[in-house]
Every structure is written in C-alpha cells, then in structure tokens.
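Note that UniProt numbering gives residue 162 to position 162 of the sequence shown, counting from 1, and the numbers run on in steps of one.
Hints are computed from structural coordinates only; laboratory data are not their basis.
Hints may be right or wrong, so weigh each one.
Cross-link-like lysine to any residue pairs, in silico, SDA-like; alpha carbons within 20 Å at most [to be verified]:
| # | residue 1 | residue 2 |
| --- | --- | --- |
| 1 | 84 | 132 |
| 2 | 84 | 139 |
| 3 | 114 | 60 |
| 4 | 84 | 115 |
Label pairs and their computed distance ranges (CB to CB) [said to hold, decoys possible]:
| # | residue 1 | residue 2 | range |
| --- | --- | --- | --- |
| 5 | 27 | 66 | 36 to 46 Å |
| 6 | 108 | 135 | 20 to 30 Å |
| 7 | 82 | 108 | 21 to 31 Å |
| 8 | 123 | 149 | 36 to 46 Å |
| 9 | 154 | 64 | 30 to 40 Å |
| 10 | 160 | 92 | 52 to 62 Å |
| 11 | 124 | 25 | 52 to 62 Å |
From a predicted model like this one, the values you see are computed outputs, not experimental measurements.
The beta-carbon is built from N, C-alpha and C at its ideal position, and this holds for glycine as well.
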Amino acid sequence: MVSAVPVRGGRNPAELAAGCGVLVLLGGLLAFAVVDKGHRHENGYRLGASFAHIDGLSVGSDVRLAGVTVGQVVAERVDPASYKAQVTFTVRPDIRLPTDSAAIITSDSLLGGKYIALSPGGNDAILRPGAEIAQTQGSISLEQLLSRFIFSVTDSMTKANQQRATQGGTAPPAGQPGGDSPQ
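Start from the sequences, fold in the hints, and give me the full structure.
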C-alpha cells in the first residue's frame, strides 16, 4: 500500500529570504577571507639581516624575543653579490634593540617550523628602523646534522678496520669478543 504525501503548493517567502540571506553572508565571509589573506598586517618597524642559510624560514614566520612573538618575516631575497639570503622582518614598536643584537634562525622542534630568535646585545646605541643586524646565525638543517653524524661513524669504523688489517689480521685480540680467551 502506497501512501500519498501531500505536496505544498508554494514556498514560504520568509524561508526563501532566510536561505538567500545565509548564502549571501557565507559568500561575504569567504570573499573577506580570500581578500584579507593577501594583505600583510605590519605592526612595528622593519629590520634586516643576512643569513648563509634560511632553510624552512618563510614570509610570515615569527620573530621572537625571549620566546615571545614580537614580529614577523615580511620579505626574503637572495643578494646576487654575496649569495646570502636577505631577510626583512618587523619588530613591535615598543621593542628597542641594541645595535649589537643577534638574529638566529631556529626551530620550534625537530620537525617544527622555523623562526627568527632575537638576542639583544649590551650596547647603548639602538637599532633604527631599516637597520641591518650584523650578527646572525643561519638555519641548521636536521638532514645535514644526521649526514655528518653518519659520516663520522662510518669514517671511524673504516679507520678502525684499516688499522686492524695493517696490524696483521682482522681477528680481534685475546680477551675481546670473538677472540681467543684463556680457559
């Protein structure tokens, strides 16, 4: 047995207006999110620094002082003369850094994002907007550290094997694991 469901003849104008209003609101929020994403919100003065490596640092990365975010990276480029990375970043206006301050690229964790850590110096003179921080330390790559460690381990093992071979054989001395031990 099939039952018939009565079909409404028309739509309620209030429901239609509410549905259209929700769609317009969602469209406006989406447009605001897309348009606002392209704008940088700079709050503070700009400083620059030159680094040998900035692996993992990008525009929008944090600039921190004592672990507190005080700015962000706003531009990156390569200097064609020195082949170093030139980074421009902002610092909050209430933070006044001495001229002998240092900028160090570090990471949140082993797999985390990179940021610039500022280390203030002890000089009485203060960096002016647009100044360049002279003391810098570039990014340390986890891959480079691991490859250096592996190379040093394999190199020391190779040298030990060569030393044993030149001493008259490859058998370990008495008393060592695998060697002749007195009974």
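Open item on the list: For each hint given before, does the structure comply? Return the numbers of the non-compliant ones in rising order.
Closed with: Those not satisfied: there are none.
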